[in-house]
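All chains should be modelled from the sequences, with the hints used to inform the complete structure.
Protein chains: 2
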Amino acid sequence: MSKQKQFVTEITPQQEDFSRWYIDVIKKAELMDYSPVRGCIVFRPDGYEIWEHIKDELDRRFKETGHRNAYFPLFIPESFFQKEKEHVEGFNPELPWVTEAGGEELEEKLAIRPTSETMIGHMYAKWIQSYRDLPVLINQWANVVRWEKRTLPFLRTSEFLWQEGHTAHETEAEARKETMRMLAIYREFVEDYLAIPVMKGQKTPSEKFAGAVDTYSIEAMMKDGRAVQAGTSHYMGTNFSVAFDIQFLGRENELEYAHTTSWGVSTRLIGSLIMVHGDDRGLVLPPKVAPTQVIMIPIGPAKLRDQVGGRADELFTELKRSGIRVRMDDRSDISPGWKFNEYEMRGVPVRLEIGPRDMENGVCVLVSRVSGEKRIVEQSKLVEEVKRMLEDVHQEMYERARQFRDDHFYSVDSIEEMKALMEEKRGFTLAGWCGSEVCEKHVKDETGATSRNIPFASQESKKTCLVCGEEAKHTVVFARAY
Amino acid sequence: MSKQKQFVTEITPQQEDFSRWYIDVIKKAELMDYSPVRGCIVFRPDGYEIWEHIKDELDRRFKETGHRNAYFPLFIPESFFQKEKEHVEGFNPELPWVTEAGGEELEEKLAIRPTSETMIGHMYAKWIQSYRDLPVLINQWANVVRWEKRTLPFLRTSEFLWQEGHTAHETEAEARKETMRMLAIYREFVEDYLAIPVMKGQKTPSEKFAGAVDTYSIEAMMKDGRAVQAGTSHYMGTNFSVAFDIQFLGRENELEYAHTTSWGVSTRLIGSLIMVHGDDRGLVLPPKVAPTQVIMIPIGPAKLRDQVGGRADELFTELKRSGIRVRMDDRSDISPGWKFNEYEMRGVPVRLEIGPRDMENGVCVLVSRVSGEKRIVEQSKLVEEVKRMLEDVHQEMYERARQFRDDHFYSVDSIEEMKALMEEKRGFTLAGWCGSEVCEKHVKDETGATSRNIPFASQESKKTCLVCGEEAKHTVVFARAY
Numbered sequence: 001m002s003k004q005k006q007f008v009t010e011i012t013p014q015q016e017d018f019s020r021w022y023i024d025v026i027k028k029a030e031l032m033d034y035s036p037v038r039g040c041i042v043f044r045p046d047g048y049e050i051w052e053h054i055k056d057e058l059d060r061r062f063k064e065t066g067h068r069n070a071y072f073p074l075f076i077p078e079s080f081f082q083k084e085k086e087h088v089e090g091f092n093p094e095l096p097w098v099t100e101a102g103g104e105e106l107e108e109k110l111a112i113r114p115t116s117e118t119m120i121g122h123m124y125a126k127w128i129q130s131y132r133d134l135p136v137l138i139n140q141w142a143n144v145v146r147w148e149k150r151t152l153p154f155l156r157t158s159e160f161l162w163q164e165g166h167t168a169h170e171t172e173a174e175a176r177k178e179t180m181r182m183l184a185i186y187r188e189f190v191e192d193y194l195a196i197p198v199m200k201g202q203k204t205p206s207e208k209f210a211g212a213v214d215t216y217s218i219e220a221m222m223k224d225g226r227a228v229q230a231g232t233s234h235y236m237g238t239n240f241s242v243a244f245d246i247q248f249l250g251r252e253n254e255l256e257y258a259h260t261t262s263w264g265v266s267t268r269l270i271g272s273l274i275m276v277h278g279d280d281r282g283l284v285l286p287p288k289v290a291p292t293q294v295i296m297i298p299i300g301p302a303k304l305r306d307q308v309g310g311r312a313d314e315l316f317t318e319l320k321r322s323g324i325r326v327r328m329d330d331r332s333d334i335s336p337g338w339k340f341n342e343y344e345m346r347g348v349p350v351r352l353e354i355g356p357r358d359m360e361n362g363v364c365v366l367v368s369r370v371s372g373e374k375r376i377v378e379q380s381k382l383v384e385e386v387k388r389m390l391e392d393v394h395q396e397m398y399e400r401a402r403q404f405r406d407d408h409f410y411s412v413d414s415i416e417e418m419k420a421l422m423e424e425k426r427g428f429t430l431a432g433w434c435g436s437e438v439c440e441k442h443v444k445d446e447t448g449a450t451s452r453n454i455p456f457a458s459q460e461s462k463k464t465c466l467v468c469g470e471e472a473k474h475t476v477v478f479a480r481a482y
Numbered sequence: 001m002s003k004q005k006q007f008v009t010e011i012t013p014q015q016e017d018f019s020r021w022y023i024d025v026i027k028k029a030e031l032m033d034y035s036p037v038r039g040c041i042v043f044r045p046d047g048y049e050i051w052e053h054i055k056d057e058l059d060r061r062f063k064e065t066g067h068r069n070a071y072f073p074l075f076i077p078e079s080f081f082q083k084e085k086e087h088v089e090g091f092n093p094e095l096p097w098v099t100e101a102g103g104e105e106l107e108e109k110l111a112i113r114p115t116s117e118t119m120i121g122h123m124y125a126k127w128i129q130s131y132r133d134l135p136v137l138i139n140q141w142a143n144v145v146r147w148e149k150r151t152l153p154f155l156r157t158s159e160f161l162w163q164e165g166h167t168a169h170e171t172e173a174e175a176r177k178e179t180m181r182m183l184a185i186y187r188e189f190v191e192d193y194l195a196i197p198v199m200k201g202q203k204t205p206s207e208k209f210a211g212a213v214d215t216y217s218i219e220a221m222m223k224d225g226r227a228v229q230a231g232t233s234h235y236m237g238t239n240f241s242v243a244f245d246i247q248f249l250g251r252e253n254e255l256e257y258a259h260t261t262s263w264g265v266s267t268r269l270i271g272s273l274i275m276v277h278g279d280d281r282g283l284v285l286p287p288k289v290a291p292t293q294v295i296m297i298p299i300g301p302a303k304l305r306d307q308v309g310g311r312a313d314e315l316f317t318e319l320k321r322s323g324i325r326v327r328m329d330d331r332s333d334i335s336p337g338w339k340f341n342e343y344e345m346r347g348v349p350v351r352l353e354i355g356p357r358d359m360e361n362g363v364c365v366l367v368s369r370v371s372g373e374k375r376i377v378e379q380s381k382l383v384e385e386v387k388r389m390l391e392d393v394h395q396e397m398y399e400r401a402r403q404f405r406d407d408h409f410y411s412v413d414s415i416e417e418m419k420a421l422m423e424e425k426r427g428f429t430l431a432g433w434c435g436s437e438v439c440e441k442h443v444k445d446e447t448g449a450t451s452r453n454i455p456f457a458s459q460e461s462k463k464t465c466l467v468c469g470e471e472a473k474h475t476v477v478f479a480r481a482y
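These protein sequence lines map, in sequence, to chains D and P. Under full-length UniProt numbering, the first residue of the first sequence is numbered 1, with each subsequent residue one higher. Under full-length UniProt numbering, the first residue of the second sequence is numbered 1, with each subsequent residue one higher.
Calculated directly from the structure, the hints in this document are not laboratory data. Where hints are given, some of them may not hold.
When chains are identical, the list treats them as one kind, so a pair holds in a single copy or across two.
[Said to hold, decoys possible] Listed next, the in silico SDA-like pairs over lysine to any residue satisfying Cα-Cα at most 20 Å (straight line):
id, residue 1, residue 2
1, Lys425, Asp24
2, Lys109, Thr99
3, Lys55, Arg68
4, Lys303, Asp313
5, Lys473, Gln82
6, Lys320, Arg61
7, Lys126, Asp33
8, Lys200, His474
9, Lys63, Ile324
10, Lys109, Pro93
11, Lys126, Asp24
Right, dumping it as C-alpha cells:
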C-alpha cells in the first residue's frame, strides 16, 4: 500500500503486450485513473498538466494568427442534428441524450455536444450579415462526448477535452487557405512541441468528417506500428451555411453563403505522445510539455548527503527562477537508486544528480532520460547546460521517432503483401488506390488497415490499385489505427 | 443592419430599469448572446476573454499556493447523489439527466454535474491511503449545469463555467485553515483585479452549501443595491469522507476520516463586474480584465488624419510590445465622435486620441473611461503614462464602488425599517438575528431580502433580533440578491 511498493511493480514489456504496457505506464505514472462512468477517465494532475502545456502553446499560436476564443452551450437540440444529413448520420449513433431536467421531461431532448458545428452554425447565422462581418475566426476549448463502444484512456474516451476552431469566410479560396493554415499549425506544433513526426495529407471520402467537403489530417505512428490521427482540419464548403442559413450580403449586393471550416485536436495527443516515446522503463515525456522537466536528486553516502543540502537549494532556486520546471526529491528515507527508477518511469526528461564530491568540484551530473547520456557540468553554467540538454532530449526524441517511422514505412503493390506486413511487423503501407469504396473496404476487411490519408509529399506515385489492379487515382497510406 | 446603426441604439438608463440596462449593455457590447437552449448563453469573444483573464490570474494564485489542476467526468451516476443526504436534497431539483446514450437506454441514469464533490470524493477514497498522501490540493476548471427556473445572463445560467477546488486534509484545523485561505484569495483577487469591494463572512445554516459544515462567502453590492455572492469556500468536516469512505491510516496507525473543503467562483463574476461598474453610457471594464485596455483613435480634420498614420503605428507597436492590450481604430469612413461613443459603450478603460497638431507637439491625449479625465502626455513617456492611467482607473473604480456600497449600507432594528429600505433604496442592511430559521424566513417573506452573511468585520454588534426581539446571536447582513 505504500508508494514505494507501488513503483517496484513491473511494467509489462512493450514487445510482450503493447496495450498492457500502455495501461501499466499511465496508471503507475498517475496520469489518469478510471472513473465509475463507462468510458470516462479522470485526468490526474500530471496528466492534466501535459494538457495545460499543450493548450497554452496552441492557444498562443491560434491567437497569433487572429483567432479568438468563445464558448457555446454543451447541449444541442435534437432538431439541429437533422439539418445536415451526413452530419446526423455520422454522429447520431454516438450521442448521449438528456431527456429530463429540473424534475420534468423535456419537450425536445438535448444531445451532449459531440462537436459544435450545428450550434455554432446557428449562432453565426445571427451574427453574420454582411461581407464586412467576415472572416469570423473563433475557437472553443471544451469537453465533448461521443459514446464509444470500445474505449482506451486518452486515445478514445466517451468524454474528452479538445479545441474546435470554427471559421466563416467570404470565399472558397479564403476558407481553403484557412483549412491548410491550421493543418500547418498542427504539424508544426506536434513536431516542435511533442517531438512527434507527422504525415500531412487528405482523407479519402469514406474517412472524412461527417458533413465536410474535404478533410485533411496529420497522422502519427505509435511504437506498435499503429496510426493515430493527431489532428484534423476540414473545409466544409457551404454545407453548414446552407443547413443553418449563414448568408451575407456580398460586395455585389447579393446574398451569398459563407464558406466555413473547422479544425481540432484533443486529449488524444496525450495518448499519442506516450505511445510514440515511451519505453520499457516507463514514460518518456517531451521536455516542452513535461510537468517536471528536471528532477534533482542528492546522491552519495547517506550520512554525507546532508552536506549537499544548502547548495542544492540554491541551484534549485536558480533553475526555478529561469523558468525551468524543476523538482527536488531530497527525502532521506528513500534511496537514490529507487528515486532514479521512479522518475525514469514518470518520464522526467533530465535528472540532476548532486553529491558531496561534486560539491567540492563545483560540478553536478545531468542524465538524459532518452539516451541515458551523462554530462558532468559546471554548477556556474547550470541553467544554460540544463536548457541545452532539454533541447537535445527533444531533438533526440524527434529523431528516434522519425527513424522508427521510416523503418516501418513500406511500399506495397498487392493486398497479399500488405496483409503479410500487417500481421508481422505493422507500420504504414503506401499503396495505389483506384478511388472506389469497394476496394478500400476490401483492404480493411482483409488486413485490418484503414486508409490514413493521401500524403501531400509522397516518395512514390503508384500506378495501379492494390486491390483491383485498375489505374490508381491516388497513392494512399494504409495502417491499422487507434 | 450595418454595425454603425447598431451602436447608436439607446441604452435604457439604469434608473429607469436596471435589468433592461444590463441586458441592453451586454448584448450591444457583444459580450454574450442567447442560445437556442433554455437558460444557456453563448460567451462571445469579448465576454469570454474577460473570463480568460480571470482564469489566468486565479489559476496563478492557486498554483502559487500549492494547488494543481485535474479533470473529472461530466457525468455523475445517480447513486452517488444518494450518499450524502443534504447534498442530494440541495441539488436534485436542478439536475439534468442523461437517460439514453449510444442508441440504448442506460441502466443507471447519469446526472450532468452541478458540482463535483461526489465524483471527487469517490476518487479521493481510492487515492488516499495514508496520512502521507495528505493534503490533496486539487482544483478543476469546468462547465457545470444547474437547471434553473429563472435565468439571467452570466449571473444565473443553466450551464456556467467555474472552478471548483477540492482538498482533503489530515486534521480539522488544517482543513479550516485552507477554507479561510481560499476565501482570502478570492477577496484579494476580486478587489485587486475586478475593483469590486466585498464583504467576507459566514453563511447562516439555511444558506450554506448542501452538505457543508460551514460556508463562507464574499458578497458584493450591485448598482441597484442587490447583492451577488461572488465566491464561496466550504468546510465540509468529514461529511463527504464518511459518505464516500475517504479513510486513511493516521500517524497512530488507526483509520481516520479526512477533513475536506471545497471552494469556487464562476462566470457570475462577469455579471457582477458589469453591474458594479457600468453606467448609462455602457460598460466600464476593470483594466486588468478588459479585452482592450487602450483604444487608439486618430482625430482632427479628416483630410489631415492620414498624416498621423505612421507615428500612430509606432506608438501602437510600442504599447503592444510593453504588454498593454491596445487596439487601433483608424477606419476613415467613421467619425471620431462615433468611435468615442462606441468604445465608451464597450467599456474600454483608456482612450488615446492623436491628432495632427499633437503630432507636431510630440504629445497625445489620454481619456479615462471612468471619470472622463483628460491628460495631455508626452509621446516619449507614453507607455508609463498609459500604465499609470490604467492603474488610476482601477483605483477610481474601486473607490467609487466602495463609496456606493458604504452609501447603501444601513443598520436597522426592526422589520418595518428594513421593509421600507428594501422598497425605497435597496442596499445592505445590518440587523440582529436570534438564530432561528423562522425569523430568517419571516425577513425574506416580508422584505424579499435574504441573509447574505455574518460579516467577519462588523461595524456594530446588534443586541436583539429584528423579528422576535429576543437576544441576538449574530449580526447579519440582509439584502435582496441575484
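Here is how each hint holds up against the structure:
1. Taking CA atoms no more than 20 Å apart as the test, Lys425 paired with Asp24 passes in neither setting, with 23 Å inside one copy and 64 Å between copies.
2. In this assembly of identical chains, the alpha carbons of Lys109 and Thr99 lie at most 20 Å apart whether taken from the same copy (5 Å) or from different copies (10 Å).
3. For the homomeric pair Lys55 and Arg68, the shortest alpha-carbon distances inside one copy (14 Å) and between copies (16 Å) are both at most 20 Å.
4. In this assembly of identical chains, the alpha carbons of Lys303 and Asp313 lie at most 20 Å apart only when taken from the same copy (18 Å versus 64 Å across copies).
5. Taking the closest pair of Cα atoms, Lys473 and Gln82 never come within 20 Å of each other, the shortest separation being 34 Å inside a single copy and 60 Å across copies.
6. Proximity of Lys320 and Arg61 under a CA criterion of 20 Å is satisfied inter-copy only: 17 Å between copies versus 25 Å inside one chain copy.
7. In this assembly of identical chains, the alpha carbons of Lys126 and Asp33 lie at most 20 Å apart only when taken from different copies (10 Å versus 42 Å within one copy).
8. In this assembly of identical chains, the alpha carbons of Lys200 and His474 lie at most 20 Å apart only when taken from the same copy (15 Å versus 68 Å across copies).
9. Proximity of Lys63 to Ile324 under the C-alpha cut-off of 20 Å is restricted to the inter-copy arrangement: shortest distance 15 Å between copies versus 24 Å within a copy.
10. Taking the shortest alpha-carbon separations for Lys109 and Pro93, both the intra-copy value of 15 Å and the inter-copy value of 18 Å come in at or below 20 Å.
11. Within a single copy, Lys126 and Asp24 get their C-alpha atoms only as close as 49 Å, which misses the 20 Å cut-off; across copies the closest is 17 Å, which meets it.
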